[in-house]
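Those protein sequence lines, which keep their order, are chains R and Z.
One point on numbering: in the numbering used here, the residue at position 85 of the first sequence is 85, and numbering is uninterrupted.
One point on numbering: in the numbering used here, the residue at position 46 of the second sequence is 46, and numbering is uninterrupted.
Don't read these hints as lab results, they were simulated from the structure.
Treat the hints loosely; a few may be bogus.
One copy or two, it doesn't matter: identical chains are merged, so the pair holds either way.
[Unchecked claim] Quick list of in silico lysine-lysine cross-link-like pairs, DSS-like style, CA-CA up to 30 Å:
| id | residue 1 | residue 2 |
| --- | --- | --- |
| 1 | Lys22 | Lys170 |
| 2 | Lys122 | Lys7 |
| 3 | Lys70 | Lys22 |
| 4 | Lys170 | Lys74 |
| 5 | Lys133 | Lys122 |
| 6 | Lys22 | Lys122 |
| 7 | Lys133 | Lys22 |
| 8 | Lys133 | Lys94 |
Remember, it's a predicted structure, so these values are computed and weren't measured experimentally.
The residues making up each chain are set out below.
Number of protein chains: 2
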Amino acid sequence: MLSEDEKRLQEYLEGFLTPERKERMRTVLEQRTRYITCVLEDLFDPRNGSAVIRHCDALGIHELHAIENKHRFKSDTQVDLGTAQWLDMRIYRKPRGVAPTSVKGRRRAAQASPDGIPPPEKSRTPTVLADLKSRGYRIVATSPHADDDALPETLDLAAGPVAVVFGTEKHGISDAVRAAADVFLRIPMVGFVESFNLSASAAIVFHVLSRRIRLEGLPWRLEAEDAERVMHTWLRRTVPHAERLIARFEAENALGG
Amino acid sequence: MLSEDEKRLQEYLEGFLTPERKERMRTVLEQRTRYITCVLEDLFDPRNGSAVIRHCDALGIHELHAIENKHRFKSDTQVDLGTAQWLDMRIYRKPRGVAPTSVKGRRRAAQASPDGIPPPEKSRTPTVLADLKSRGYRIVATSPHADDDALPETLDLAAGPVAVVFGTEKHGISDAVRAAADVFLRIPMVGFVESFNLSASAAIVFHVLSRRIRLEGLPWRLEAEDAERVMHTWLRRTVPHAERLIARFEAENALGG
């Protein structure tokens, strides 16, 4: 629940929005879901990350997890069109001591360590997926696995919320994802090429799932308290000059109190 | 129908393929369709064209029309992964006399024309769409239009084959497409951003339609004669050293005859 102070701050910030803007934010908020969440594992092309951010916003998928193992997660506002600010994005930064990806960086690291060998790499994937599981998510690995893989249209959504994991561009999901997966999902293909690019895969999967949760009567909406908190965050992030306004509000409140 | 000579040439070329390769080509061929065809109007980003080429191959959509009005259609084999050779791609090259897109080109054109005014631009879109209509295609414009727009899931596919038109990246479909459209199609969105990028839109639309034609008992398969012709083209394009082999075959045949 928002505290009384937060509620007053929220009303104050909302005062700086046009009614149309406020209405737009409410409309979008009503369509947000955490029933489907997106997990990106170690992407390296910023265009892909950005494209997926944009898909998530467009389809109401509010929570996006970006795991860095070897690569820094970057997005490109030219591609995501600034939508990242409307999402609950959780970026798990590359752990210290991981071998840098650039040749220059690797050379430097090799020089720095006494035996000339970079420290072993450590994946953050297992802990991120374990956290999601403990929150009740089923882990859906997007990778062909066996003939009985689920399709976006047949994945069991009634069994509970899903965290759909997309792997790195070249090699797909890691063994850590495979080990944690509750379900494997594939998109049927009938051509010479046997994969879609990451952005296209994510668009297809999330389009289908996002439509299905709405049609199948699943409890996909944000809880009231969660929605209130999201609106609060949006206001703080997106009202023009919000920081200055918050400082003023706090000063005035302290003065008035 | 293939002529007797073509049939013999085909057998000859097939002799240079492994049984696995031949089998793979037959399997892919059986899944090809012209019931859905893709029309790209004046794209300018080669990555988009290439991504759509790859989607079409992966989903069995055999025929792709790329109309150039102001921009040259280019694809990038890094992105399409060489799939263009497996499609019936029809590129309508930019007509002569169109104002060049670069500033330098425009200046040169202005200098060349006696009154200093570049010739009027002429769109090839109307004739391409008219040709498709005369072949029985319904023109599906991918652009929000009105509340009753079709969705990929609700588009009437039983009414006949569809040519799905995607417009240029920034401005979407042209007025020529709007004028020729039998149906408007939109992808439902519930976020702050009100569009998908072109590659994502095409992936969603073609995934859904490609699945639907297969499930809804529509006459989506290539006709036998068409399929035979496609296989012939594939062999000529993809058997290693096909040109040399064909020359040898023709020489031997002439010698033998």
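So, going through the hints one by one against the coordinates:
{"no.": "1", "hint": "Lys22 - Lys170", "verdict": "between (42 Å within a copy, 27 Å between copies)"}
{"no.": "2", "hint": "Lys122 - Lys7", "verdict": "neither (42 Å within a copy, 58 Å between copies)"}
{"no.": "3", "hint": "Lys70 - Lys22", "verdict": "neither (40 Å within a copy, 40 Å between copies)"}
{"no.": "4", "hint": "Lys170 - Lys74", "verdict": "both (17 Å within a copy, 24 Å between copies)"}
{"no.": "5", "hint": "Lys133 - Lys122", "verdict": "within (20 Å within a copy, 58 Å between copies)"}
{"no.": "6", "hint": "Lys22 - Lys122", "verdict": "neither (44 Å within a copy, 44 Å between copies)"}
{"no.": "7", "hint": "Lys133 - Lys22", "verdict": "neither (35 Å within a copy, 45 Å between copies)"}
{"no.": "8", "hint": "Lys133 - Lys94", "verdict": "within (21 Å within a copy, 54 Å between copies)"}
Checked against the numbered hints given earlier, this structure breaks hints 2, 3, 6, 7; the rest are met.
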